[in-house]
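All chains, please: the whole structure from these sequences, using the hints.
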Amino acid sequence: MQLNSPLSEVKETSAQANRSEFALKLQAVKTIVWRDKYLYFMLIPFILWYLIFAYKPMYGLQIAFKDYSLFKGITESPWVGFENFERFFRSEYFIRNLVNTFMINFWGLIFAFPAPIILALLLNEVKNVMFKKTVQTITYLPHFISVVIIAGIVTNFLAPTNGIVNIIIEKFGGEKINFLAMPEFFRTIYIGSMQIWKDVGYSAIIYLAAIAGINPALYEAAKMDGANRWKQMWHITLPGMLPTIMILLILNLGSFLEVGYESIILLYQPATYETADVINTYVYRAGLQGGNYEVGAAAGLFNSVVSLILVVLANRLSKKMTNVGLW
Amino acid sequence: MKKRKLMVPLLASMMMLASGCSDAASTSNKDKDSKKDGKVEELKVFMHASNGYFIFNDDWATFKEAAEKTGIKLKGTAPKSSTNSTEAFNLMIASGEIPDLVHGQKKYLNKYGIEGAFLPLNDLIKEHAPNIQKYVKEKEGFLKANQGPDGKLYMVPYISDGLVAETYFIRQDWLDKLKLQMPQTVDEFYNVLKAFKEQDPNGNGKQDEIPYFSEDNILGLGTLWGAFDGLYLENGEIKYGPYEAEFQTAMENLSKWYKEGLIDQEIFTRKKAREYLLGNNLGGASRYYPGSTAGYNDALKDSIPGINFIVMAPPENVDGKRIEPTKRSDYGNNLGVAISAQAEDPEKIIKYLDFFYSEEGRRLMNYGIEGETYEIKDGNPVFTDKVLKANDGNIVENLRSYGSQVPFSFHQDFEYEKLWMNPIAVKGIEEYTKGNYFAEQIPNLTFTEEEEKVLTDIGTQITTYKDETVQKWIMGSEPVNLEVFKKRLDEIGFKEYIKVYQDAYKRYQDS
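Line by line, the protein sequences give chains A and B. Per our numbering, the very first residue in the first sequence carries number 119; after that it's consecutive. Per our numbering, the very first residue in the second sequence carries number 17; after that it's consecutive.
Worth double-checking, as some hints may not be accurate.
Claimed, not checked - For the chain A half of the interface with chain B, some residues (derived, Cβ under 7 Å), not all of them:
1) Leu188
2) Glu210
3) Phe212
4) Arg214
5) Asn274
6) Ala277
7) Asn280
8) Leu298
9) Ala299
10) Pro388
11) Ala389
12) Thr393
For the record, the hints were derived by calculation from the structure and aren't laboratory data. Just so it is clear, the structure is predicted and the values come from calculations on it, not from any experiment. Backbone N, C-alpha and C define an ideal beta-carbon position, used for all residues, glycine too.
Pasting the structure below:
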């Protein structure tokens with residue numbers, strides 16, 4: 119609608135009547151840009167940010183196909199085709215690492231993803247403001263603790279000789295368990311400590327904001343219809359949060375191959391490789407420590423491609439099912 | 017026009033942000049120029065070692081002293097904020113601006129030296145560095161241990177002195193209390209550990225003693241059954257310990273020891289084992305570096321009366337041999353200083369490095385500054401209280417604050433350690449040296465690029481599999497089965513892996 123008026127202005131003021139269609143359109147765009155100049159002006163820093171930090175580094179991606187030497191630089195290093203990818207796939211442990219990566223993220227999705235949603239719903243039902251704020255602060259704090267310290271706390275709590283968990287187990291007549299040395303416990307420990315305990319409070323904030331945005335009239339109407347608290351939550355709060363949940367889920371799937379390998383390195387050890395060794399930790403041991411950046415870049419590119427596919431699929435699915443999507 | 021006027025200040029402010037780093041660099045350049053007084057020339061040095069423990073400090077007194085002697089002053093360029101030396105080194109290389117002197121690990125200095133980042137030093141040393149040339153000519157193995165795979169020397173190495181790396185330790189006071197003899201064989205050692213476990217030597221009425229613990233890993237004990245954890249030399253051939261038959265026996269026994277509680281149940285997860293287990297009067301025997309470990313006797317003498325944690329000789333193994341698997345290398349600790357190919361006057365730099373190989377320079381790096389950190393008494397250096405007493409008597413730390421005993425390119429003097437080490441450690445080191453318990457050591461080998469790839473690709477798989485399996489065996493979650501283990505190693509490509517080492521060793525011997 120607004121588009122029409124500048125266009126007609128252009129037509130009138132134009133001296134040459136036989137301008138091509140293209141030039142006309144260009145002129146129109148210019149006019150529109152000029153009209154919204156302040157908005158575009160505000161956009162500049164973000165475009166620059168993307169150019170500098172997202173697009174320019176893509177130039178460096180080519181080292182995934184090169185025999186990269188830091189000293190020779192990116193352009194001078196010789197091309198080697200897919201050799202770096204082959205080296206990465208050929209490992210006996212590639213499949214195991216891939217499965218481990220998926221499993222950690224899969225169980226994370228089952229247990230860690232709903233945790234902040236549940237916390238937000240519970241907090242929403244709390245009537246005592248003091249209690250609510252206290253709980254929120256306490257659950258929110260661990261987010262700011264470094265993973266190194268969290269790993270230290272976990273190791274101390276689970277230590278077989280004097281860890282509090284094992285002392286409790288022993289007091290109840292059980293046998294002490296060396297949790298951190300048993301592969302079957304690793305995923306639980308990792309997801310429990312690094313994903314749920316550390317981040318549940320922080321992630322709940324977004325959901326609380328989504329809940330706050332729900333129209334109170336809906337609740338009033340529901341009460342008039344005789345819906346109890348449970349029904350209100352189920353039929354109003356949850357559907358109101360659904361768009362937020364879906365978007366976070368899609369974003370989450372986008373990082374399905376990315377596992378915080380720093381936190382895994384802090385918690386794993388050879389005895390638990392069976393379930394704990396993921397693609398990133400293996401690549402870290404195999405090359406990054408020694409400056410083999412090209413294999414790291416190949417692994418990163420592989421991760422990105424898989425992530426892209428997953429995000430596109432998840433987005434399509436979400437759009438079909440809930441009409442909510444990233445694009 | 018209006019738009020442009022607005023744009024300019026905004027863009028300018030963004031540019032300022034983006035160029036913040038280079039701004040800082042240019043001011044430091046100005047700084048440098050003003051300091052130049054014509055007599056002392058300033059060169060740039062990169063030194064970032066042990067993940068930030070050693071970062072070149074412009075205030076180090078020994079290097080100021082060296083500046084007076086040589087007319088060259090060094091200015092450090094390594095970032096003090098970084099806690100990862102490899103990363104800091106790689107960033108420096110990738111920046112393309114390589115400082116005049118670069119301290120680093122041998123493998124990286126050689127790698128980038130061959131690519132042209134650093135100068136080959138052989139001729140420079142021959143012509144301008146008589147003190148270093150003395151090592152090249154007179155010390156057999158000096159070149160072999162430090163040169164690159166192309167046969168050229170790219171760095172002047174840091175050479176540590178003394179042969180002993182790790183030793184066995186045992187609580188002599190616990191032995192006395194339980195009226196036990198110093199264990200001489202592996203069976204006696206087992207019995208002693210068993211007694212530590214069962215007879216409550218710390219006297220608190222609980223069986224909470226941890227007979228054997230370790231600061232790094234358990235497998236230093238493998239040699240008690242003649243087995244090695246990794247690669248080792250036997251009769252001039254490189255072998256892989258876990259691939260040999262002895263490994264089965266060793267693992268079975270260690271698994272048994274672990275199950276019986278003779279080995280720390282948290283050996284794989286515990287951090288700072290000595291501090292906790294010695295400090296709480298729980299640990300009985302261990303293996304570690306004697307200098308620092310013997311120091312716990314002094315630190316704990318008030319809280320644990322009578323503590324006497326002493327060096328013991330390796331018990332005779334099942335074949336009747338006493339073997340200590342670790343040993344310090346003779347020439348070079350894999351660290352050294354290289355000269356940048358961009359350096360304006362390499363001649364001057366090699367002369368500067370030569371100073372640290374002279375008698376005077378060596379003393380400076382070992383003992384610090386005369387009259388300040390040491391005095392000469394009866395012709396021998398003796399440390400002053402500034403080194404011995406300050407900072408709770410942490411002598412190495414004190415010396416390093418002066419810039420001495422940092423792993424720059426110089427030859428360490430073992431006598432310096434004897435001056436401050438706990439007598440227990442000195443005695444133990446002498447015993448180990450005299451007994452020559454050391455297993456033959458594999459020299460620093462160099463690999464071609466192809467070999468490097470095999471080591472990365474197959475080597476990582478082998479280590480992953482070995483580490484994983486060994487821990488499972490020892491903790492008893494899987495029965496020891498060397499046949500299956502070896503078959504799996506073969507599938508991964510063990511033959512190719514070991515051949516790389518054998519070839520590299522052959523090249524080393526022929527060079």
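Results of checking the hints against the structure:
1. Leu188: Since chain B brings a Cβ to about 4 Å from Leu188/A, closer than 7 Å, the hint holds.
2. Glu210: Holds, because the Cβ-Cβ distance from Glu210/A to chain B comes to roughly 5 Å (cut-off 7 Å).
3. Phe212: Because about 10 Å separates Phe212/A from the closest Cβ in chain B, which is outside the 7 Å limit, the hint is violated.
4. Arg214: violated (10 Å)
5. Asn274: Where the cut-off is 7 Å and the nearest Cβ of chain B is about 10 Å from Asn274/A, the hint is violated.
6. Ala277: holds (6 Å)
7. Asn280: violated (9 Å)
8. Leu298: With a minimum Cβ separation of about 5 Å from chain B (threshold 7 Å), the hint on Leu298/A holds.
9. Ala299: Where the cut-off is 7 Å and the nearest Cβ of chain B is about 6 Å from Ala299/A, the hint holds.
10. Pro388: Pro388/A check passes; min Cβ-Cβ to chain B is 3 Å, inside 7 Å.
11. Ala389: At 4 Å from the nearest chain B Cβ, Ala389/A passes the 7 Å test, so the hint holds.
12. Thr393: violated (11 Å)
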